Amino acid sequence: MAEFTMELNDEQKDVRDWLHGFAADVIRPAAAEWDEREETPWPVIQEAAKVGIYSLDFYAQQYFDPTGLGIPMAMEELFWGDAGIALSIVGTGLAAVGVLANGTEEQIGTWIPQMYGDASDVKVAAFCSSEPDAGSDVASLRTRAVYDEAKDEWVINGTKTWATNGGIANVHVVVACVDPELGSKGHASFIVPPGTPGLTQGQKFKKHGIRASHTAEVVLDGVRVPGSCLLGGKEKLDERLARAREKARAGGERVKNAAMATFEASRPAVGAMAVGTARAAYEVALDYAKTREQFGRPIIDNQGVAFQLADMRTQIDAARLLVWRASWMAVNGKPFTAAEGSMSKLFASETAKKVSAQAIQILGGNGYTREYPVERMHRDSAIYTIFEGTSEIQRLVIARTLSGMPIR
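Counting with the working numbering, you get residues 1 to 408 for the letters of the sequence shown.
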């Protein structure tokens with residue numbers, strides 16, 4: 001087990017500086033354009049692929065960093081550049097985590113490389129869990145997967161929503177219900193290979209923020225996938241369902257489902273994204289406060305501004321520490337006995353919203369215009385308190401974990 005440390009080693013510092021340079025030189029100059037266009041920034045993703053940032057190898061190296069700090073460090077730097085473009089670069093990672101969390105070694109080796117493609121032909125992937133009537137309430141999923149034993153195929157029908165890269169992805173990972181009587185315990189995850197008939201893109205959403213990231217509905221109409229596309233395999237699924245039925249009859253403990261396993265693994269990473277956006281907004285506000293003069297002196301000389309900046313920096317550092325702790329715990333197999341993963345996402349996401357709002361206030365009228373990036377950062381920051389579990393859901397998870405009670 002790696003010791004918990006707040007000091008990056010030399011290799012991690014080199015990676016951090018490399019990512020920061022890419023974010024500063026490639027992502028930031030393109031941020032305003034792609035935010036206005038509301039389109040996937042394929043040229044930027046391709047540049048990331050050329051230098052090795054958008055690749056399976058890079059994310060595997062960070063994912064298996066024994067300190068746990070590889071992924072949060074990478075997320076913070078990329079999202080410091082711009083949240084929308086960064087999400088387009090890392091969005092495939094959620095689908096990859098879904099496969100890593102639930103798939104066999106063969107499935108991992110087969111499908112994750114196809115999610116990324118290569119520098120000459122980049123691909124993206126999508127993780128499809130939420131539905132029009134089932135967001136935080138994952139137990140209410142209506143997308144059904146029925147096994148056709150004669151053909152060894154699963155037939156999937158339903159509609160997914162809020163899917164990053166939905167419809168444009170090369171590989172879709174779809175969470176579906178295989179046993180409605182078990183609620184969330186009756187869910188499973190499936191790979192939908194490229195070009196599978198019956199999968200189409202529905203509505204593409206025009207969003208308040210992260211507008212360079214493609215978000216859309218995914219419609220599954222009689223989609224047939226081979227039995228080998230069930231993540232984890234049918235034998236493992238049958239065993240899990242049998243245990244769930246037995247526990248249900250005995251009134252036993254709850255069992256984690258496929259979607260929640262993915263979200264638990266990714267929540268500290270979302271916290272790191274929020275830290276990156278908060279840090280970016282803080283730095284703009286700090287630089288502005290030191291150079292903007294009113295009444296013959298820089299506005300940072302006023303306690304009303306200086307104290308805001310002090311609070312902003314304190315909250316950012318505290319958020320980063322919560323993210324790093326949760327990331328270290330996850331990699332080293334330490335259980336989240338106090339919902340530390342949810343804590344990290346909750347605090348970091350709320351910090352991003354608050355800090356970016358304070359940055360606008362410090363810049364005044366300028367902060368409210370698109371001439372300065374804090375307006376975009378504030379719009380982008382709103383998503384962190386919503387996706388992969390709202391702040392309210394994080395509080396519910398924390399409260400349930402602490403009390404052991406089914407708080408409603």
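Heads up, a few of these hints could be off.
[Said to hold, decoys possible] Using C-beta positions, here's what the derived DEER-type ranges look like:
#: 1; residue 1: 18; residue 2: 291; range: 26 to 32 Å
#: 2; residue 1: 301; residue 2: 2; range: 40 to 46 Å
#: 3; residue 1: 109; residue 2: 306; range: 49 to 55 Å
#: 4; residue 1: 119; residue 2: 29; range: 17 to 23 Å
#: 5; residue 1: 236; residue 2: 46; range: 36 to 42 Å
#: 6; residue 1: 283; residue 2: 7; range: 52 to 58 Å
#: 7; residue 1: 2; residue 2: 119; range: 29 to 35 Å
#: 8; residue 1: 311; residue 2: 43; range: 34 to 40 Å
#: 9; residue 1: 119; residue 2: 293; range: 14 to 20 Å
#: 10; residue 1: 119; residue 2: 243; range: 41 to 47 Å
#: 11; residue 1: 283; residue 2: 250; range: 37 to 43 Å
[Claimed, not checked] Straight-line C-alpha distance at most 20 Å; calculated EDC-like pairs for lysine to aspartate or glutamate:
#: 12; residue 1: 234; residue 2: 152
#: 13; residue 1: 234; residue 2: 293
#: 14; residue 1: 234; residue 2: 105
#: 15; residue 1: 50; residue 2: 118
Treat the hints as calculated values from the structure; they're not laboratory data. Bear in mind that the values here come from a model prediction, so they are computed numbers and not experimental data. Each residue gets a CB set at the ideal place from its N, CA and C atoms; glycine is no exception.
Worksheet item: For this structure, which hints from the list above don't hold up?
Response: As far as the earlier hints go, 6, 9, 11 and 13 are violated by this structure, in ascending order.
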